[in-house]
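Trainee: Build the complex from these two chains, which are given one at a time in their own frames, with help from the hints.
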Amino acid sequence: MGERAPPKRIPQVNVRKISPDFCEFVLSDTDPSVANALRRVMLSEVPTLAIDLVEIEVNTTVLNDEFIAHRLGLIPLVSQRVGEFTGAYDTNDDEENALMDIVFTMDVKCTGDDTLDVTSNDLQLDHNFQDIHPVAYHPSGMPMDPEAERGVLLVKLRKGQHLKLKAIARKGIGKDHAKWQPVATVTFQYMPDIRINQALMDTLSEEQKLEWVRSSPNPVFRVNPVTAQVEVLDAEAYRYDGEVIAKAKAFGKEGLVSITPRQDMFIFRVEGTGAMPTQQIVLSAIEVLLRKLDTLQQSLASEAAPMAVDNL
Amino acid sequence: MNAPDRYEKFVVPEHLLKVEVRKDTKVADAATFVIQREDHTVGNLVRMQLLEDKDIMFAGYKIPHPLQYQLLIKVQTNGSKTPQRAVQSAIGSLEEELRDIREKFLADVARFGSGEESMLA
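Line order of the protein sequences matches chains A and B.
FYI, my numbering numbers position 102 of the first sequence as 102, with every residue one higher than the one before it.
FYI, my numbering numbers position 82 of the second sequence as 82, with every residue one higher than the one before it.
Pulled out of the complex, with its shape left as it was, chain B reads as follows (with noise of 0.2 Å):
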């Protein structure tokens, strides 16, 4: 009755931006990304790839509520680049990865249509 429409999970609304920065007032070189409209997807994704850096000093995400359609991921670092600038970069280098998941994928699949082991039925 009170459901929110389905398309509410994925469209971003036209008066909330998809990304909002909030630094933390609290603590130096830290940040809270609120970003709207993703899920777990993305943020474990990020996080993950934010932790392998090693200028950060804290990273993590939550969903704080299930019918919130928003993704909070928080970013603490040692303060030799911004918070911004930490994202940023780990969005980077995934894009990179996936790009070449997706090459190698490519390729691996040219091996089956080439013909010797033709199960492409």
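Looking at chain A on its own, in the form it has when it is part of the complex (with noise of 0.2 Å):
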């Protein structure tokens, strides 16, 4: 490719809060498009490990197979080597030896007066992947922390009620099934650009400077005590609620602040479910992307015969 392309923008990445299920970071210097593709793709094209079949074996208790089989497909499970994996979907050249199946099984009976519940502990994990295991994992009857989490209620049993399964996790994406999710939720915001028009505000008077500030439902300005004029305390707070602008013109000062969304800065936060830690969902989306323009680059390239008749 001879012609390069138009200025090359260079993004800049900010990394505020990182833990393994909460990650805030900002994002600047691009393009929304940008933003925006990196966010659907951590929503739905990450691949996870997900329950995907179930073989249901006995079921006495109250709830009928498919909706135990729905209940277990929901259970967030640790993928952190879901790249090993290779989807029922996926093309691998070495089918021989393609990892696909994960097989968890349960077999728990009530046998007590109190109802028992089945929760993700019972499972009990495949001798391959032992590290492959619900979030908070904990396997039923090892003896266990009362403060640690109790694992994820699948349905309560009754005296003389059995459940027994066979359920096979496999590699997937959100696209597919909301369950192969890895995030709860991925947000980005506008950063937003405050300017004040400091000629108009010194126009009024303290109370109104005041009465103005608090119009805001969040606190985003503030009266500087000392030279008592009025200054943005924090930008990202503002909520395009339109209360202040509101309020400027209820003083009959229309323009008296203006507030538009940057398009070149975002603050991305990105809430995982447990089953993969925030930085590899980041990292896997990039990836993701990466190849999808890869596929398409090289299906482009591919395409090139029929353009050849071209004056170019």
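Heads up, some of the hints might be wrong.
[As the list claims (entries may be wrong)] Listed below are the simulated DSSO-like cross-link pairs for lysine-lysine, each with C-alpha atoms no more than 27 Å apart in a straight line:
{"#": "1", "chain 1": "B", "residue 1": "K74", "chain 2": "B", "residue 2": "K9"}
{"#": "2", "chain 1": "A", "residue 1": "K109", "chain 2": "A", "residue 2": "K164"}
{"#": "3", "chain 1": "B", "residue 1": "K74", "chain 2": "A", "residue 2": "K8"}
{"#": "4", "chain 1": "B", "residue 1": "K9", "chain 2": "A", "residue 2": "K175"}
{"#": "5", "chain 1": "A", "residue 1": "K292", "chain 2": "B", "residue 2": "K81"}
{"#": "6", "chain 1": "A", "residue 1": "K175", "chain 2": "B", "residue 2": "K18"}
{"#": "7", "chain 1": "A", "residue 1": "K8", "chain 2": "B", "residue 2": "K54"}
{"#": "8", "chain 1": "B", "residue 1": "K81", "chain 2": "B", "residue 2": "K54"}
{"#": "9", "chain 1": "A", "residue 1": "K292", "chain 2": "B", "residue 2": "K62"}
{"#": "10", "chain 1": "A", "residue 1": "K8", "chain 2": "B", "residue 2": "K62"}
{"#": "11", "chain 1": "B", "residue 1": "K26", "chain 2": "B", "residue 2": "K74"}
{"#": "12", "chain 1": "B", "residue 1": "K104", "chain 2": "A", "residue 2": "K292"}
{"#": "13", "chain 1": "A", "residue 1": "K159", "chain 2": "A", "residue 2": "K109"}
{"#": "14", "chain 1": "B", "residue 1": "K104", "chain 2": "B", "residue 2": "K74"}
{"#": "15", "chain 1": "A", "residue 1": "K253", "chain 2": "A", "residue 2": "K209"}
{"#": "16", "chain 1": "A", "residue 1": "K175", "chain 2": "B", "residue 2": "K62"}
{"#": "17", "chain 1": "B", "residue 1": "K81", "chain 2": "B", "residue 2": "K104"}
{"#": "18", "chain 1": "B", "residue 1": "K26", "chain 2": "B", "residue 2": "K9"}
{"#": "19", "chain 1": "B", "residue 1": "K81", "chain 2": "A", "residue 2": "K175"}
Read the hints as simulated data drawn from the structure, not as lab findings.
Mentor: Take a look at the structure:
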């Protein structure tokens, strides 16, 4: 490719918080389409593992088979190793050795008089994949810290009820079914660009300034105690509610402040489900997007023939 | 009952090409790219990147029907390059940009890992 495209954007990333299930970062100097593509990919195209097939052997519980199968599917499984697996629709050159299924089993019977909770902790792991397990997993029967999370409740059993099944987990993406989403939610917020018209602001009395500052439902502005000037306290707290603009209008001072969403700065918040650390979710999303673009690039290159008749 | 299978959304059927280039028969230097099993994620991304290019006269995308999982990108250039070249270079810059984002993200995450503000519990 001889002709080099337009002035290149140099994006910047500033990570503010990062923990296994929450990540906040600022992506700047890029286009909203890039931010949105990232968000959409994190939501629905980052592969994870989830229970996909369930064979029920005995079910005398109050819930029907498909109800239980659905609940099993929604349990987040720790999916750090998802990259080693092949999804049901993926192509793999090495079909023989492709890893696909992780088999969990469960056999719970209530013998006591009290109701028995069946949770994700009652799943027996696949011997080949001991590190693939439901989130917050403590195998039942093992001594357990009472403070620890109790696992995901599936169904409650009364005396004599029995549940026995085999559950097969596979790799998949959120586009197929929401159970494969690695995140509870991903959002990005446009950084507001707030400009106060100081000349007009100076025509307000002290009380009016205070009243105007307080009209914002979230504290965005403040009156500087020293200079008595109104200044921006926290631009990000602005929720595009328009209250301060309405207030300025009520004072007959339109144009007191102009607030526009910046088109080149985005605050991302990624909330994971526990299936994958947020860092891996973001990186995997970039990877997926790159692979998508690469597929397009390759198909375009192989499409070169019909375009060769062109004058170029 | 007659809903398409869920995998139809992301598995390209064997008889279809991932990308088909249709030259516009009436307009010079214009083409429509029919991309199978892609959506707004790629559509908007590529369109916006194309619009950055000063040689592009027109770039737009549409998803003609929500149950036909295909994306159309229409491009017209000023003749200094083919629409296909324009799309290729747009995708190239996007890939470059994403690699840059990945690198910067990794570099900034490392700041936390190295202990100064270890929040990776």
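Trainee: Hint by hint, say whether it matches the structure.
Mentor: Status of the hints after comparison with the structure:
Pair hint B/K74 plus B/K9 holds up; C-alpha atoms about 21 Å apart against a cutoff of 27 Å. Between A/K109 and A/K164 the CA atoms are separated by roughly 8 Å; this keeps the pair inside 27 Å, and the hint holds. The suggested pairing of B/K74 with A/K8 holds, with an alpha-carbon distance near 23 Å, which does not exceed 27 Å. Annotation: proposed proximity of B/K9 to A/K175 holds, straight-line Cα distance about 8 Å (limit 27 Å).
Simply put, A/K292 and B/K81 have alpha-carbon atoms about 24 Å apart, close enough for the 27 Å limit, and the pair holds. Using a Cα cut-off of 27 Å, the hinted pair A/K175 and B/K18 holds, with the two alpha carbons roughly 18 Å apart. Pair hint A/K8 plus B/K54 holds up; C-alpha atoms about 13 Å apart against a cutoff of 27 Å. With a C-alpha separation of about 11 Å, the suggested pairing of B/K81 with B/K54 holds against the 27 Å cut-off.
Distance check on the hinted pair: A/K292 and B/K62 sit about 18 Å apart at the alpha-carbon level, within 27 Å; holds. Proximity of A/K8 to B/K62 is assessed by CA-CA distance (about 26 Å); at most 27 Å being required, the pair is judged to hold. For the given pair, B/K26 sits about 13 Å from B/K74 by alpha-carbon distance, which is consistent with the 27 Å threshold. Distance check on the hinted pair: B/K104 and A/K292 sit about 21 Å apart at the alpha-carbon level, within 27 Å; holds.
About 8 Å separates the Cα atoms of A/K159 and A/K109, which keeps this hinted pair within 27 Å; it holds. Using a Cα cut-off of 27 Å, the hinted pair B/K104 and B/K74 is violated, with the two alpha carbons roughly 33 Å apart. In summary, the hint linking A/K253 to A/K209 is supported, as the alpha carbons are separated by about 12 Å, within the 27 Å threshold. For the hint pairing A/K175 with B/K62, the CA-to-CA distance comes to about 19 Å; that is within 27 Å, so the pair holds.
For the hint linking B/K81 to B/K104, the alpha-carbon distance of about 33 Å lies beyond 27 Å, and the restraint is violated. With a CA separation close to 32 Å, the supplied pair B/K26 and B/K9 exceeds the 27 Å bound. With a CA separation close to 36 Å, the supplied pair B/K81 and A/K175 exceeds the 27 Å bound.
Of the numbered hints given earlier, the model fails hints 14, 17, 18 and 19; all others are met.
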